[in-house]
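Visitor: Residue numbers (my numbering), protein chains in the order written: chain P, 1 to 572; chain C, 573 to 900.
Honestly, the hints are just simulated from the structure, not real lab data.
Every value quoted in this text rests on a predicted model; they were computed, and no experiment measured them.
Positions of the beta carbon are idealized from the N, C-alpha and C atoms, including for glycine.
Be careful, since some hints might not be right.
To be verified - List time: in silico EDC-like cross-link candidates among lysine to aspartate or glutamate, alpha-carbon distance up to 20 Å:
{"hint": "1", "chain 1": "C", "residue 1": "LYS759", "chain 2": "P", "residue 2": "ASP407"}
{"hint": "2", "chain 1": "C", "residue 1": "LYS839", "chain 2": "C", "residue 2": "GLU853"}
{"hint": "3", "chain 1": "C", "residue 1": "LYS759", "chain 2": "P", "residue 2": "ASP552"}
Stated by the list, open to error - For each label pair, taking beta carbons as the anchor points, the in silico distance ranges come out as:
{"hint": "4", "chain 1": "P", "residue 1": "ARG174", "chain 2": "C", "residue 2": "ALA738", "range": "28 to 36 Å"}
{"hint": "5", "chain 1": "P", "residue 1": "VAL526", "chain 2": "C", "residue 2": "ALA740", "range": "28 to 36 Å"}
{"hint": "6", "chain 1": "C", "residue 1": "PHE606", "chain 2": "P", "residue 2": "ARG135", "range": "40 to 48 Å"}
{"hint": "7", "chain 1": "C", "residue 1": "LEU732", "chain 2": "P", "residue 2": "ASP86", "range": "27 to 35 Å"}
{"hint": "8", "chain 1": "C", "residue 1": "LEU642", "chain 2": "P", "residue 2": "HIS434", "range": "57 to 65 Å"}
{"hint": "9", "chain 1": "P", "residue 1": "ASP86", "chain 2": "C", "residue 2": "ALA740", "range": "41 to 49 Å"}
{"hint": "10", "chain 1": "C", "residue 1": "LEU762", "chain 2": "P", "residue 2": "PRO270", "range": "54 to 62 Å"}
{"hint": "11", "chain 1": "C", "residue 1": "LEU666", "chain 2": "P", "residue 2": "GLN403", "range": "50 to 58 Å"}
{"hint": "12", "chain 1": "P", "residue 1": "ASP416", "chain 2": "C", "residue 2": "SER770", "range": "55 to 63 Å"}
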Amino acid sequence: MQLGGGTQTEPRVASALAIEGLTYAYPEAASPALRDVSLTLECGDFALLAGRSACGKSTLLRAACGLVPHFHGGEISGQVEVAGLDAIATGPGELAAVVGYLAQDPETQVVSTTVSAEIELPLEMRGDPPASRARAVEEVALALAIPHLLDRAVDTLSGGELQRVALAAALVTRPQLVLLDEPTSQLDPVAGDELIWLLRRLNSEWGVTILLAEHRLERCLAAADRVVAMDSGAIAYDGSPRDFLSWAQESDEALETPAARLFSLIGLDPLPVGVRDARRTLASTSAAAGGGTDPLLTACTFSSLTSRRQQPHSPPKKLSEEGIRLASTPALDVTDLWVELVSGDSPNDVLRGMDLEVRRGERVALMGRNGAGKSTLLRTAAGLTDSVRGKIELPAGIALLTQNPSDYLVRERVGDELPGSEGLAALRTVGLEHATDADPRDLSGGERQRLALAIALAGRMVAGDELPGLVALDEPTRGMDRARKADLALLIHELASRGAGLLVATHDVEFASAFAERVVLLGDGVVIADGPTGEVLSGGWYFATEVARVLDLPGVITPEQGAAALRQGVDD
Amino acid sequence: MRSPFAYTPRPKPLQLASPAAAVTYLGALVAVAFLYSNPFVLLAVGIAVVLAGRLAGAWMAVRAALWMGLTLALLIVVVNALVVSRGTTVWARLGEWPVFGQVDVTAEALAAGAVLGLRAAVVMVAFAVYSACVDPDRVLRALRPLAGRSALTATLVSRLVPVAAADAARLRDAARLRGPGAAPVGKAPLARRLLAGSLDRAVDVAATLELRGYSLQSTHPAVAVTRFGAMRAKKRYGPVGGRRRSRYDRRFYATGVLVLAVAIAGKALGANSFSEYPTTEIGSGAATLAVAAIVAFSGLAPLRRSPRRTIARTPRAASTSTPAGVRS
Numbered sequence: 001m002q003l004g005g006g007t008q009t010e011p012r013v014a015s016a017l018a019i020e021g022l023t024y025a026y027p028e029a030a031s032p033a034l035r036d037v038s039l040t041l042e043c044g045d046f047a048l049l050a051g052r053s054a055c056g057k058s059t060l061l062r063a064a065c066g067l068v069p070h071f072h073g074g075e076i077s078g079q080v081e082v083a084g085l086d087a088i089a090t091g092p093g094e095l096a097a098v099v100g101y102l103a104q105d106p107e108t109q110v111v112s113t114t115v116s117a118e119i120e121l122p123l124e125m126r127g128d129p130p131a132s133r134a135r136a137v138e139e140v141a142l143a144l145a146i147p148h149l150l151d152r153a154v155d156t157l158s159g160g161e162l163q164r165v166a167l168a169a170a171l172v173t174r175p176q177l178v179l180l181d182e183p184t185s186q187l188d189p190v191a192g193d194e195l196i197w198l199l200r201r202l203n204s205e206w207g208v209t210i211l212l213a214e215h216r217l218e219r220c221l222a223a224a225d226r227v228v229a230m231d232s233g234a235i236a237y238d239g240s241p242r243d244f245l246s247w248a249q250e251s252d253e254a255l256e257t258p259a260a261r262l263f264s265l266i267g268l269d270p271l272p273v274g275v276r277d278a279r280r281t282l283a284s285t286s287a288a289a290g291g292g293t294d295p296l297l298t299a300c301t302f303s304s305l306t307s308r309r310q311q312p313h314s315p316p317k318k319l320s321e322e323g324i325r326l327a328s329t330p331a332l333d334v335t336d337l338w339v340e341l342v343s344g345d346s347p348n349d350v351l352r353g354m355d356l357e358v359r360r361g362e363r364v365a366l367m368g369r370n371g372a373g374k375s376t377l378l379r380t381a382a383g384l385t386d387s388v389r390g391k392i393e394l395p396a397g398i399a400l401l402t403q404n405p406s407d408y409l410v411r412e413r414v415g416d417e418l419p420g421s422e423g424l425a426a427l428r429t430v431g432l433e434h435a436t437d438a439d440p441r442d443l444s445g446g447e448r449q450r451l452a453l454a455i456a457l458a459g460r461m462v463a464g465d466e467l468p469g470l471v472a473l474d475e476p477t478r479g480m481d482r483a484r485k486a487d488l489a490l491l492i493h494e495l496a497s498r499g500a501g502l503l504v505a506t507h508d509v510e511f512a513s514a515f516a517e518r519v520v521l522l523g524d525g526v527v528i529a530d531g532p533t534g535e536v537l538s539g540g541w542y543f544a545t546e547v548a549r550v551l552d553l554p555g556v557i558t559p560e561q562g563a564a565a566l567r568q569g570v571d572d
Numbered sequence: 573m574r575s576p577f578a579y580t581p582r583p584k585p586l587q588l589a590s591p592a593a594a595v596t597y598l599g600a601l602v603a604v605a606f607l608y609s610n611p612f613v614l615l616a617v618g619i620a621v622v623l624a625g626r627l628a629g630a631w632m633a634v635r636a637a638l639w640m641g642l643t644l645a646l647l648i649v650v651v652n653a654l655v656v657s658r659g660t661t662v663w664a665r666l667g668e669w670p671v672f673g674q675v676d677v678t679a680e681a682l683a684a685g686a687v688l689g690l691r692a693a694v695v696m697v698a699f700a701v702y703s704a705c706v707d708p709d710r711v712l713r714a715l716r717p718l719a720g721r722s723a724l725t726a727t728l729v730s731r732l733v734p735v736a737a738a739d740a741a742r743l744r745d746a747a748r749l750r751g752p753g754a755a756p757v758g759k760a761p762l763a764r765r766l767l768a769g770s771l772d773r774a775v776d777v778a779a780t781l782e783l784r785g786y787s788l789q790s791t792h793p794a795v796a797v798t799r800f801g802a803m804r805a806k807k808r809y810g811p812v813g814g815r816r817r818s819r820y821d822r823r824f825y826a827t828g829v830l831v832l833a834v835a836i837a838g839k840a841l842g843a844n845s846f847s848e849y850p851t852t853e854i855g856s857g858a859a860t861l862a863v864a865a866i867v868a869f870s871g872l873a874p875l876r877r878s879p880r881r882t883i884a885r886t887p888r889a890a891s892t893s894t895p896a897g898v899r900s
C-alpha cells in the first residue's frame, strides 16, 4: 500500500568506492603519486589493480582506506567516497567500519600476541560487546578456514597463515570494501592460489567488493571481473580482463600473462584470462577444425609469430672461457645433511638427510612450499645455521643474499659500503660502478638489491674478478614486477656465465622458468624432484608454469616453447 | 627463533585458566619466596614452580630460567662472600683488598648468599612460567577497562619487543654475510639501522591501528574507561576479559589462597626460623616441614586429570539375555 500521493524516489545506493579527479603528492615529493584518477567500484565488484612497480597502486589503495592523506600527509585534490563516506574528510578510523585493508607484509600489520586477540581487536576498538565479538571472530575464522589457529601465538604462524589472520582482522567488521596490496607476494604457489580463491568466494558469497593489487596477474586474472591498470600515477586502462590482455599486448608487454603471450605468439583469439579459458579455446579451435584441415591452421594467424620469434625468453647459456674451465667443478656438495631447528618446545628436523650437488656455472631454482627447508639449506651453506649431521662443502666459497636486501645497507653512501678496489670490483659485477656517491635509499628497489648482492660478493672474488663458487639468493623477487624480474634473470645469467653456481630459492614458477636450467623441488626437508627446468615445471599443477598447465606437454613451460610446440604440431 | 619465554598456547590447565587465576597461583608462590628465608621452604617453592612449569609444558622456559637463575645465584654467593665478613666460621682469610678491605670468607656469608641466590632463582623460574603460560593479551584485555590506552600500549610493547629482537637477529645475520671487502659493520651503524627499522615498523603498526579503528572514541560501556563503567559492562555482557572461562580457575584460586594462608600461618608459628649470623641456624621443625611439604605439593596444581570415563550401565536382564535367534 502506498501512502501519500507523491512520487517515490529510489533510495540512492552508494558505490563501494567512488574516486573523482584524485591527484595526490607525498610530502616533499617532486611529482605527484596519483594524477587525476577517477574510478568507481560498485558493490560486489572484484577488480584487479595492475601496473608496474611504483606506478601508484599502493597509494591508490591507501587513499581508498583513508591513510592518504590522514596518515601520510601531503597535498591532495579531488574526491574519494567509500560506501558514501567522504574519505578525505573522514579519518581511517571511521572508514574502518566500511573498508578493510591488507598490506603486502603481514608481519607489519599484526599487533596482538594471539590470533583470537588479533582478530577481535577491531571489534573491541569499535566497542562491540563480548558476545557479539565472540560470534564475529568465530564466523570469520570459519569463513577463512582458520578456527584451528585461534589459540595459536602469532609468531608461530607461517607466512600464509599470518596473511589469513591479517585478512580475518580486516574482514571481521564485515566491511563493504576490501583492499589488498600484493597479498600473495610472500606466499608459495599453493597458499597464493588458495588466498585468491578465498577472496573470490568471499566476493561471491558475502558480496564483499574487492580491489586487489597484484604483479602475478596469471594467478588472479581469472578470478577478477574487471581490471584497472595504472601507469605513472594515472589510470591507463579500465575494463574487462579479456580486453585488458589485448590492451597489454599493445601497450605494455610486461603486463601480459604467459598464456596470453602464448596465444598472441600463435595468433590465436580471444586471449585467455586463465588456464581453463585457454584450454577451452584450444579445444574449441581444435573441434572447429574437426577432421578436415589441421586444427590450428584454421584458427592461427602466424603473422605475429615472425615478429617475436627472434626474442627467446631466456638467453642461451654462453659460458666465458673461464666459465667453461670452472663448469666441471662443484660449487656446493651436500651429503646426508640434517638440520634441526627448535620450534616451540621441541626440536624439529627441517632438513632430513639431504643430498644435493650444484656445479659452477649452473643456474638452479630451489623450490617448495613454505617451510620445506629452502631458506634453511641456504643459511646452513652460509654458516648461519649449524647442521646436526652430514656434510656440506663449498670449495670456492658462497655469497648469500637474504630475503631483505635493505638489511645489508647500513651507511648513507654506496662508496662507504664498498670502499677500495674490492668494493669497486663488486660494484662493477652488478653494474653499479656509476653509483658510488649515491645514497642507497635513493636507489630503486632493483638497484638496492644489486647493491646488497655486491656487498655480499665484495672481497670474495678471487683474483679480483673470479666470483665465489656459489651465489645464493633467497626469495629475490618479492614485490617485483615482471620487468624487474627480467633484469634479475639477466644478472643471474651473467653471473653464471662467469663461472658462479647460482642457487635461487623462489616461489615464483614463471621467474624460475626464465632463469633456471635445473629445478630442485623440496618437500618436508628432502629433495622430492630434481631435474631440468622444463621437466620439473611441466609435471605438476602448483609447481608448474601457466603455459605448462594450459598445454600439459612435457618440457613445455614458456610461451615461446609452447608456440614452437604448437607450430610443430601444425607443421607435422 | 622464538624465545623460550614467549607465550605458547597449549591445552594445559595453567594456560587455559583465566589470567587472574594463574596470577593468583604463581603470585602466591612468589609471595612465599619473599616471605620466607628458610632454605627448606625456598627449595619447596623452587620444586613447586619447576613442577608447575613442567606440567604446563613450559619445560624450555623453566630450563632457561634455571640456567640463568643458578648463574645469578652463584654470582650472588661469590659477591656476598667477598663483601660480608660476618660469621664465626672463617673458611679463608684473603687479606686486604683495595675496595673491600679485609676479606674473610665465612661459611655464614656463603650460606646467606646461597639463600639470596636461591630466592632470586626461584622468582626467575616463576616469572618464566608466567611468561610462557599466561596469555599477555588476556591479561591486558582484563586491564583494558581500567586503563584502555595504557593496556594497548603494553600490548604493542609485548608484541614489538620480540619483533625488534627478530629484526636485530636478521641484521646480525646480514652483517655476517657481508663480504670481507665490504666495510665492516660496527655496533653504532647496526644500532642506528635497527632503530631506523624499528621506527619504520612503528609507523606500520600505527597505520594498522588506525585502520583497526584505534582513533575511534567508543561510547560502548564494554570499553568504558572508568572502573564503574567496566563493572556495568560486566554485569550486562559477562566477563570482559575473554571469550572463554576455564574449569580450572577454581583450582588455581584455591591453591593460591591455600599456599598463602599456610605460609602466613606457618610464619606466625615460627616456620621461617633461619638465622645467618653469627652462626647459620636452619629451622627444620614440624611447622617448617609442613609448610614446605604443602608448598611443594602445590606444584601439582597444573596437573591435568585424565577425563572421567562414563560407563553406560545396562540393565542386568538385558546383558544376560540371549538375543533373539541366537542359540547358546
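Visitor: Identify every previously stated hint that the structure contradicts and give their numbers, smallest first.
Guide: 3 and 12
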